[in-house]
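Chain by chain, the residues run as shown.
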Amino acid sequence: MSVAKIHTEEAIYVYGPWIRIWHWTQAFAILVLGVTGYLIGAPPESVSSGEASDHFQMGYIRYFHFCAAYILIIGFVVRIWRAIVGNRHNREIFLPPVWRTSFWSEVWHEIKWYALVIPEPKKYVGHNPLALLAMHIMYVWTTIFMIITGLSLYGEGTGMGTWQHTFFTSWVNPLFGQSQDVHTWHHLGMWMLICFVITHVYVAVREDIMSRQSIISSMISGWRTFKDNRSN
Amino acid sequence: MAIINTPNGYKLDDSGQRVVVDPVTRIEGHMRCEVNLDADNYIRNAVSTGTMWRGLEVILKGRDPRDAWAFVQRICGVCTGTHALTSVRAVEDALNIDIPENANSIRNIMQLSLQIHDHLVHFYHLHALDWVNPVNALKADPKATSELQQKVSPSHPKSSPGYFRDIQTRIRKFIESGQLGPFKNGYWTNPAYLLPPEADLMAVTHYLEALDFQKEIMTTRTIFGGKDIHPNWLVGGVPCAINMDGDLAAGAPINMERLNYVRGVVQRTIRFVNDVYIPDILAIGGFYKGWLYGGGLSGTNVLAYGDIPDNANDYSPANLMMPQGAVINGDLSTVHPIDLRNPDEIQEFVPHSWYKYPDEAKGLHPWDGITEPNYELGPNFEGTKTDIKKLDEGAKYSWIKAPRWKGHAMEVGPLARYVVGYAQGHEYFTEQINFTLKALDVPISALFSTLGRTAARALEAAWAADKQLYFLDKLVNNIKNGDSTTANTEKFDPSTWPSDIKGLGFTEAPRGALGHWVKIKDTKIDNYQCVVPTTWNGSPRDNQGNIGAFEASLMNTKVEVAEEPVEILRTIHSFDPCLACSTHVMSEDGETLADVKVR
Amino acid sequence: MHETFYDVMRRQGITRRSFLKYCSLAAAALGLGPEFAPKIAHAMETKPRIPVLWLHGLECTCCSESFIRSAHPLAKDVILSMISLDYDDTIMAAAGHQAEAIIEETIEKYDGNFILAVEGNAPLNEDGMYCIIGGKPFVEQLTHAAKHAKAIISWGSCASWGCVQAARPNPTRATPTHKVPGIGNKPIIKVPGCPPISEVMTAVITYMLTFEKMPSLDRQGRPKMFYSQRIHDKCYRRPHFDAGQFVEKFDDEGAKKGYCLYKVGCKGPTTYNACSTVRWSGGLSFPIQAGHPCIGCSEDGFWDKGSFYDRLTDIHGFGVEADADEIGTTAAVIVGGAAAIHAGASAVKRATQQGDQE
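Residue numbers (the numbering used here), protein chains in the order written: chain H, 25 to 256; chain G, 11 to 609; chain Z, 784 to 1141.
By construction, these hints were calculated from the structure, which means they are not laboratory data.
16 Å max Cα-Cα, derived EDC-like pairs, lysine to aspartate or glutamate:
1) Z:1032 x H:69
2) Z:859 x G:222
3) Z:1132 x H:231
4) G:399 x G:386
5) G:183 x Z:860
6) G:71 x Z:1104
7) G:534 x Z:1104
8) G:71 x Z:1087
9) G:395 x Z:910
10) Z:859 x G:226
11) Z:1032 x G:503
12) G:395 x Z:923
13) Z:919 x G:386
14) H:251 x H:34
15) Z:919 x G:392
16) G:501 x Z:1031
17) G:534 x G:503
18) Z:822 x G:186
19) Z:919 x G:397
20) Z:1032 x G:500
21) G:534 x Z:1097
22) Z:859 x G:219
23) Z:859 x G:176
24) G:501 x Z:1035
25) Z:830 x G:186
26) Z:1132 x H:144
27) G:400 x G:24
28) G:149 x Z:818
29) G:534 x Z:1087
30) G:534 x Z:1093
31) G:183 x Z:818
Please construct the entire structure, taking both the sequences and the accompanying hints into account.
In structure tokens form, the structure reads like this:
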């Protein structure tokens, strides 16, 4: 058993630099947004003394939230640009082929793999179909939702006449009822993303160990490697 | 039905001409009144109907009890705050919370400011036009008005002939414009208006002066509660923290400047009430002292819960500066103690109300109240469901329930409080009553009338203005003695609460005795019941056929012109009805709102 | 441009002679001498004050109370010199059918040229009979008057959004003005608040009279001049918010120093109103200055967002009432727990599979 395996499996270049940079900045932005967002809803213990101008605790929390939010937004825009101009892996999470029956049968296959019913998953160069679906719903749409509600909330501060207010606040507030509702749903969106992150990280680690291809290292090097040469 | 003798001693005869007043205006909310006149235009049958229902207690179910004050405060924007105060008291009673002494003083100042404001605005802006004819004021000689003014109130500075001439010119221009605004379609040619022109001019002038001044009275609440209308309250005390000269006192809700502002308002209020309101009541009362209709239940059955605790957290009668007790059957020698928690004392009946009970022969104590709306019209009703011509008082006919104390229909309100206070020998009240009777040269029996009710309200405003100053001094002294606490937050967190509790809160609203009964289960409101002054006064008939205070007071009044029943307005207005208050009740299964059938 | 009463009468073919006769009758009806007749005639031939019908549905009259408290202009001056408040059941002298007749008269004389002010709202359940005026449902009076009005002002949160009687479960189906069937597309100005600030109410009216046009409104129909900023944006305690200095509970050190009330539930950051700028009682104070968190009374549905003392508000609709953090933590714990269990199960499975392979 101690004989080292010789890896002759092919490797494919999947994630270009844009995508990798995007991924890790998003990860960073979401981390900052999550922490600061939580603190905006439940601020830390009151700063007890001194003049208000000596402190800027809540101000910094919000400032970092907004900075991270803009990083996330710009990253998201870059990602959409890559989806348009980049290779097909760049497009995947935006357009899962839900119209194909084969897609759904493969989703079913993955579900069975996760349910520990079947011993082996299929190999994928990009995302597996279940991951694709999860990315599409839990990441893409939640992020869009968070960007829209977030800009709407931001527009309340920048005020009438600013682009944030004109393009977002002015219609988002009435749509939800009032500002408080937008806050609440934005906050709920944060928890959705936290659930996504938990799932994403867990599954990435698990797949890295148990699936037939590389996962975490691919997002660092860009190369997808496989652990066997068998076809699906 | 022809003739019915009610257990509470009224002979009802519905054979004569039926006169309908709907809407009764210059009240809070919506109400309808129908009477039958005999051949000599005397009222022989009276039917009063609350014509709105909002379902507030249904809405309260399942809410956080700490929020309840804000909901019930919106029961009424005229007696704004009194429901909120009653509510925080009920919740504090349930949770056994003691409030700080300062909070008690501040709450009392807020509650007293309501009494004064409400009474003043009621008299000048809701009630005065029943006695005062603005059109007639145009005929006045401003000099005569000036003399009258200086005679009835020598210390009031605004009394020159030129001042009254300016006002008269303004009124004249207004009336000559042909656009009479609020004075349009009044009964200005009705012979029931008895004031001479100079008195009319004085009263109209004070209508405007009072309109300007009233906005100041409740600014004390803007200081303590942030807004004068629907101010903010807090379970456990008051939200306005006190910081006289500590760090950052400039930003504190209450500091020296704020207290000085309050003192200014309190002093100006005392002056206005004593220089304008009281003299006007005496002057106008003097011209109408032959018109002593409208006593109703005031001489026989009156009820007061009491209010304005001198020391915090003690709601026993001895500590309440407004009297508590009941007088029944006209026997002023005995004031009966009352127990709002006793299921046999206060009960609400619905045989004539648009609600449903499993057994309508019985009344229910508010803690066990049931409310299921049941809009149905009796066999003698005329019109259609959505176009009522004549109600059938033999069946259900009002959105108001009929509360009874030990089975008696009772009158509540300023007059009831003064009658109870008088019967108990309340020193301040008795002195005021004796002074008034002497000034008008009328016997004590004159008190039990429409005008008696109106006068009691003014006397109470004067008393309340005094007591505001008392509590402001008390607050300042307490701070001086080193106590600046305003809230007890020990039990503010719901996780500290027992799972199944109930509480009672009571106050004296400007219109009369107000009680809230709350049941709290697992930190949420399980049942919330309000029995409000206008529920008492405006109640329809009960299971025994007793008529309520509005109806009783209208009986046997002469109406000069049937088409212009200003006498009905006078008497109904003298109660200062608040219909939004009276018409909402709920039960344990309050959400099940039944469909309604028209018979 | 409004027609004067005289114009209307002439248009309807009434001669000057009968017009003057009407004026003397009017003078007589008021108990005035004949010398008043020409004065009434003169007034009717000149520009009238704009008539206002102020209707009351299910409400608490707090809007009227607020209106009469206006410090600038004084309510007295608005009523005597600016508008003609022809119908307002809270203060009008007339009652019963004489009061109801005023609505018809106004519609006849000033069709399309009067302002309809609505305080409170109409219940639609029980055929509208939860609020009865003149024996009929209030909603009939409302839609009838609305049809002929020039514009509608929805006073307060009742008329604008529904307010307390429309709070869950809204037993009477209380419906704000703009949602009442039959109102049509009359211009509606919402002036929300429970009540609105006195001077805001009178300012909306005086703006319309002074500039002879509607105030510019935001997307939800509120005048931008008072409702385009949150209370938070101009709150004098805002520096304490940014500094992170909060009142943790009532009457604590922070409360005495006037720190930010955010953590005890202040809705200033989500409430569009002029409380922190115009303030109450002629600029004297406002709730936050008096130490209580804003409860958001000018916002749609503010009653149904959970406790006024909670920072995060309730979400309804899942059959549970919980705030976002409660829901979120639960979800995150479930997801995290599921991942942990799954990881364990996967490890066991993998171990057994590898065992099988060996």
